[in-house]
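S.K.: Here is how the chains run, residue by residue.
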Amino acid sequence: MAYTTFNRQINDQLKEPMFFGNPVNISRYDQQKYGIFEKLIEKQLSFFWRPEEVDVSKDRIDYQNLPEHEKHIFISNLKYQTLLDSVQGRSPNVAFLPIVSLPELETWIETWAFSETIHSRSYTHIVRNISAEPHKVFDDIMLNEKILQRAEDVTRYYDALIDGVNLYQRCGEGNHTINGESQNISLYELKRRLYLCVMSVNVLEAIRFYVSFACSFAFAERELMEGNAKIIRLIARDEALHLTGTQHMLNIMAAGDDDPQMAQIAKECEEEAYAIFRKAAEQEKDWAEFLFKDGSMIGLNKDILCQYVEYITNSRMQAIGLKPIFSTTQNPIPWINTWLVSDNVQVAPQEAEISSYLVGQIDNEVDGGDFGDFDL
Amino acid sequence: MPNVKISGNSAIAFDGTAPTLLTALEQHKLQVNFHCRQGYCGACRCKLLQGEVQYLNEPLAFVRKGEFLPCCSIPLTDIEIEIP
Ligand code: FES
Ligand SMILES: [Fe+2]
Ligand SMILES: [Fe+2]
Numbered sequence: 124m125a126y127t128t129f130n131r132q133i134n135d136q137l138k139e140p141m142f143f144g145n146p147v148n149i150s151r152y153d154q155q156k157y158g159i160f161e162k163l164i165e166k167q168l169s170f171f172w173r174p175e176e177v178d179v180s181k182d183r184i185d186y187q188n189l190p191e192h193e194k195h196i197f198i199s200n201l202k203y204q205t206l207l208d209s210v211q212g213r214s215p216n217v218a219f220l221p222i223v224s225l226p227e228l229e230t231w232i233e234t235w236a237f238s239e240t241i242h243s244r245s246y247t248h249i250v251r252n253i254s255a256e257p258h259k260v261f262d263d264i265m266l267n268e269k270i271l272q273r274a275e276d277v278t279r280y281y282d283a284l285i286d287g288v289n290l291y292q293r294c295g296e297g298n299h300t301i302n303g304e305s306q307n308i309s310l311y312e313l314k315r316r317l318y319l320c321v322m323s324v325n326v327l328e329a330i331r332f333y334v335s336f337a338c339s340f341a342f343a344e345r346e347l348m349e350g351n352a353k354i355i356r357l358i359a360r361d362e363a364l365h366l367t368g369t370q371h372m373l374n375i376m377a378a379g380d381d382d383p384q385m386a387q388i389a390k391e392c393e394e395e396a397y398a399i400f401r402k403a404a405e406q407e408k409d410w411a412e413f414l415f416k417d418g419s420m421i422g423l424n425k426d427i428l429c430q431y432v433e434y435i436t437n438s439r440m441q442a443i444g445l446k447p448i449f450s451t452t453q454n455p456i457p458w459i460n461t462w463l464v465s466d467n468v469q470v471a472p473q474e475a476e477i478s479s480y481l482v483g484q485i486d487n488e489v490d491g492g493d494f495g496d497f498d499l
Numbered sequence: 012m013p014n015v016k017i018s019g020n021s022a023i024a025f026d027g028t029a030p031t032l033l034t035a036l037e038q039h040k041l042q043v044n045f046h047c048r049q050g051y052c053g054a055c056r057c058k059l060l061q062g063e064v065q066y067l068n069e070p071l072a073f074v075r076k077g078e079f080l081p082c083c084s085i086p087l088t089d090i091e092i093e094i095p
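Chains as they are written, first to last, in the numbering used here: chain V, 124 to 499; chain B, 12 to 95.
So here's chain V without its partners, still in its complex pose (with noise of 0.2 Å):
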C-alpha cells in the first residue's frame, strides 16, 4: 500500500479507478478511461495568464478614494480570497496525488493546482498597488478571526484524508499504534474521507469565491478598480473549470462504475454532503454581514448578497444530484453575468492596459530627435 513515485506493476490503467488503484506509472494520454480529464487540461492550459501582464495601476487613486467601509470590503475580500487559493494551490496535490490512478486526472490535479498558485500571486500583485505595505495586508489573514474561522471549513476535510492516507499507506488497514495512540484506518472509511474532500472542494470553488466576485464586479460596475476586476475575471473563468472537475469527480464517484463502493458511500454521505452546503452558504451569508458591517456598497447590500448566495448555492447543489436547499429560484444580480462571459477576458498583447507590451511600445514611439545628441 506505501505510494512509489513509479509503480513497477504492469496494469492496464483503463481498468484503474479514479483513486485508491494502483499508483500511476506511466503519465500517458494515448488511452484515456476519462478522456474529460485531458479536455480540462487543454481548456486550462488554453486560459493560461500572468499577473504581471494586467496593468492595475489605476486602481491605486480609485482605492485611495475609496470611503473606509468600502476599502474595508475590498481589502477583506482579497484577505479571504488569499485565504482560499492558499489552501487550493497546494492541497489537490498534497491530498489527491498520492492517491490517484489514473495519469490523464493526475495530470488535471497537477494543472488545477498551478493555476491556483497563479491566483495566489496575483494577489500579491494586486496588494502591492494599493498599498505602500503589502506586509500589513498580509500578515491580518492569520490573525483575522473572522478568516480563520473559514480556513477551518475549508481544510478540515483535506487534512482528515491526508492524515488518513498517510498512515494508511505507512501500516495498510487495521488497528495501529502510533506514538502510543491507538488508531484505526480502513480503506473504505479513506474513501469516505475522499468524497467528503471533494465535496467540500467543491462547495469552496462554487460558492466560497461568488461573494467575493460580486463584490468586484459591482465596484467595477461603477468604474472602480478595473484592474482588479480584470484579474478576478481570469480567475473566476479558471474557477469555472476548477468546478467543472469537482463536478465531474462526484458524478462519476456517484455514478459507480468507476468504483461500486464510492456510489454506496456516496448515498451514504448525502446527509452530510447537504450539511456541508448548508454550512457553507451560512458562512458566506456572515461573510456578507461582515463585509457591509460599516456600510453597504452602491448596487450591492447585506440582503442582495445574501439572496445571491443562496441562489448559486441551489443551481451548484443540483449540478450534483442534489436537492435546492433554499427557495430563492432568481438570479437576484443578473449582471453579474456578463462579467464572468469568457469570451472577452483574453489577455490579449494589443491592449492597452498590458503593463508588459507597453515597455515594447516605449521603444516604439521613439522619433528622430530623441537622437540628436547621438553620434555613431
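Keep in mind the hints are simulated off the structure, nothing from the lab. Treat the hints with caution; some may be incorrect.
Stated by the list, open to error - Below 20 Å or equal to it, Euclidean Cα-Cα: the simulated EDC-like pairs (lysine to aspartate or glutamate) are: (1) V:K156 - B:E69; (2) V:K162 - B:E69; (3) V:K416 - V:E405; (4) V:K446 - B:E93; (5) B:K16 - B:E69; (6) V:K446 - B:E78; (7) B:K76 - V:D380; (8) V:K425 - V:D409; (9) B:K76 - V:D381; (10) V:K166 - B:E69.
Given chain V, put chain B with the ligands in place with the hints provided.
M.R.: Leaving out everything else, chain B with the ligands in the frame of chain V:
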C-alpha cells in the same frame, strides 16, 4: 425551422437568426443563467423534456440525463425545454 416550446410559456421558432439556443431564448427576453457561454461551466443547464439538440462544440461541463446546455447547442427537432 424547429420550434422551441418553453414549459409554462409559449413556443418560439428557432429561425436561424441566433447562433445558439441561449441567444435565441435571450432574443425573446427569456432569462437564462449563464457564465462562460462556451459549454464548460454548466451555468446555463436547462431541462430537455422532448426532442433533440445538437452541440456545436462538445461541452466540457457535466450534463446529466434529461438536461442540456443551451449556450453551445441548436435544436435538431422541435423541442420542449424547462428553464430552471
Ligand atoms: S454558459 Fe457555461 S456551459 Fe453554458
Ligand atoms: Fe483559485
Ligand atoms: Fe479553483
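S.K.: It remains to establish, for every hint, whether it holds in the given structure.
M.R.: Results of checking the hints against the structure:
1. V:K156 - B:E69: 17 Å, holds
2. V:K162 - B:E69: 10 Å, holds
3. V:K416 - V:E405: Judged against 20 Å, a Cα distance of about 16 Å means the pair holds.
4. V:K446 - B:E93: 17 Å, holds
5. B:K16 - B:E69: Outside the cut-off at roughly 24 Å; violated.
6. V:K446 - B:E78: 15 Å, holds
7. B:K76 - V:D380: Distance ~16 Å between K76 of chain B and D380 of chain V Cα, so the pair holds.
8. V:K425 - V:D409: 9 Å, holds
9. B:K76 - V:D381: 18 Å, holds
10. V:K166 - B:E69: 12 Å, holds
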